[in-house]
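> So the chains spell out like this:
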Amino acid sequence: MQTGTKISGIAHVTLVAWAFLGGAFRSEPLPFEVQDVSVISAEEFAALSAPREAPEVIQNPAEPAQPIAPAEQTTPSEPAAEPEPVETRPEPEPVPAPEPEPAPEAVAPTPEPALPEENPSLEQPEPETVLLPEPPGKRPKPRPVERVAPEPVAAPPPDARPDPVETPPVSAEQGAETPQPEQQATAPEEATDRITPEAEPTVEVAPSRSPRPRTRPQVTQTAEAKPESKPEVEPSENPAPTPSSAVNAALAEALASASEPVAAPAPSGPPLSSGEKDALRVAVSQCWNVGSLSTEALNTTVVVSVRMNADGTPDTGSIRMIESSGGSSGAAKQAYEAARRAIIRCGTKGYNLPSEKYDHWRDIEMTFNPERMRIK
Amino acid sequence: MIRFLTSLLVGATLLAAPVHAQNQPLRITIDEGIIEPLPLAVPNFVPDGAAATEYAAQIARVVAADLTGSGLFREIPSTAYISQVTSFDAPVQFADWKAINAQALVTGSVSLSGDRLTVRFRLWDVFAGTELGSGLQFAGTTDGWRRMAHKVADAVYSRITGEGGYFDSRVVFVSESGPKDQRRKRLAIMDYDGANVQYLTDSSSIVLAPRFSPTGDRVLYTSYQGGFPRIHILDVGRVEQRVLQSQEGTMSFAPRFSPDGQTVLFSLSQGGNTDLYTMNIASGQSARLTSAPSIETAPSYSPDGSRIVFESDRSGTPQLYIMSASGGEAQRISFGQGRYGTPVWSPRGDLIAFTKQNKGRFHIGVMRTDGSEERLLTASFLDEGPTWSPNGRVIMFTRETQGADGRASLYSVDISGRNLRPVRTPDGGSDPTWSPLLE
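Same order as they appear, the protein sequences are chains A and B.
Every letter in the first sequence is one number past the one before it in full-length UniProt numbering, and letter 97, counting from 1, is 97.
Every letter in the second sequence is one number past the one before it in full-length UniProt numbering, and letter 410, counting from 1, is 410.
Computed beta-carbon distance windows for the label pairs:
| hint | chain 1 | residue 1 | chain 2 | residue 2 | range |
| --- | --- | --- | --- | --- | --- |
| 1 | B | Arg-74 | A | Ser-355 | 31 to 41 Å |
| 2 | A | Ala-279 | B | Asn-419 | 26 to 36 Å |
| 3 | B | Gln-24 | A | Ser-329 | 21 to 31 Å |
| 4 | B | Ser-134 | A | Ser-355 | 32 to 42 Å |
| 5 | B | Asp-115 | A | Arg-372 | 51 to 61 Å |
| 6 | A | Gly-330 | B | Ala-57 | 30 to 40 Å |
| 7 | B | Ser-134 | A | Ser-328 | 16 to 26 Å |
| 8 | A | Ile-7 | B | Ser-134 | 57 to 67 Å |
| 9 | B | Ser-306 | A | Ser-273 | 53 to 63 Å |
| 10 | A | Ser-355 | B | Gly-49 | 51 to 61 Å |
| 11 | A | Ser-328 | B | Ile-100 | 25 to 35 Å |
| 12 | A | Ser-273 | B | Pro-422 | 48 to 58 Å |
| 13 | B | Ser-326 | A | Arg-372 | 33 to 43 Å |
Don't read these hints as lab results, they were simulated from the structure.
We treat Cβ as the ideally placed atom computed from N, Cα and C, and that holds for glycine.
Whole structure, please, built from the sequences with the hints as guidance.
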């Protein structure tokens, strides 16, 4: 991780430095041109008129013999210079001329053979389309079930992966009751559904995939490799804690907790939309009952943090008041308890949150501001 | 060199950005909720022995009635229960109570030994699966079983709302009976919910405006015994009364205890002019606070005893004024249309309740101590005489119906304006005064 960061950092630094240096050279020539234009226009008239008068006056007829020596120096230099450009002009013409000519020829054949190769094999590409839908297969489960093989399907393994990662903290805080059924419920259900229908097609589809990827789908190969690598990690983590020694268990928990922050940056993809946030806000507000709060508690704003389970239900043991303002500690306690009741009560069946964005709403901070609910 | 360092910083920032993003939780703000009674379940308390069965059921019913009567709770009927509480110490089946949407659960037990009752209870946050506070136990005689139930309700109310309860309290009021032109009035005392009514005076003379002492052991009131109004003080426990010292040819009325209970603040009418006075109860020494030609009456101390709110018509119509407890210049705080009277300072000190008459209607309202944020809580043919609950959350007042057969009765309302409900009394009732929480 550190080496990768260093490499990327050095790369960024060199890129930025190169950009700055390149810009510095380009900026210098600009001011010279501007100054020349403004100054030359006034002096040229005087300079041009002066040399014309000077040679015409007297020196040329008065000194015919002496000018021989300087004439020799000047004359050879002038003719030498004249033929040189003449020679250079013809030389470059033949050199570049052949280069561009073969270039279009070489470019043209490379794309052309690639296209005809794919065209004849258009009937076979069906397995290619099967490979592509794997990432979208994560969203709707029925699609992969019909065509895709059970093992390559990427959706179930990644879903199962976050569950074991979460369970250790949940079990430590509350108890083993809630987390355990979640693990068993999510993973086995998806596996059983796909095993029976997908066992047959997998054999047929597998050979067709291996030859295709050579030309194009390098990207799809990487997409496939990720889900395959993840399930491999899962079993390694699960059996690790099972050897029940206190040291191993502690190490496993430490590794799990350490892996969580690494998994947290994973929130890849778009965050929750404003509509999805509003839906959550409305859902909680429907259970936020301030009718039994004291007038002082109605002047108290509390910020409550909650860790959500992957199924959209709040982890009741994780609900904490992290901030309060506007009232005494007693009023803050009442306001917090009302907020906690709201989160739990309306979340018993799970809040309607997009499961693919779980990393974005796993930890939520809710601010309960009763300003608009005060007695008026 | 500078460019090189700048590029380094830019590169470091680009690399660090995703690291910060990974720890950012989703943040949302919720500023709208719902205002509705909290659903709770109060199953019958578990009796410890057959002798306690009746008490166990009755105490649970009083607890439920107290909580639902506040308007902040709604009891789930026992017919909806999935499971029953058969043991006080058994673990609660939260799933069963979640299923019927009981957000709070009160469990308790009652044991009877001789005439000694012992009541234990626990309060559960069903959806959080935790106990709110710790279990409490009250002990007393069988005669006081309602008080023990009120104390349980106060504890539940306090733990959920965050403010003190008011159920274990009493109200002294003027019981009215007979037709309007021959109405008999006598002082009576009852539980805050109208139970256990006892009469403190006979109906031989008119009695008005009783006022509890800060400790709840004494009551000041105005009686026409002797032909003209004079202030009496009544010992509630012993039901003994005496007349406060007064000057001949004067009328004294509208008394109110000071927060320390040592001084009486009242109005004294002499020579057609009414002003405010104080009198030390022990020594009988009095002092004059106002000396205006207008009528100053209905005074009420602030909870800290530093200021007084009262009613005066010095501006032409009755309005509310505030001045120092030692007298001096008064500041007007009521500026709305209509006539203001009978101001009472909230035990919290943040609000002043008052009676307002405007366009032929009477209102009970509250305002800030500077006169701002005036809110009218009721409206009827005749509403008057507000008194605060011990926690400053509820106001009880007199409502009188129109016509020759009009009847005065007691009502209570939450300071939010919700939960207006009558307080049931055997006869008509007026001029309530709410005691502090009983010890």
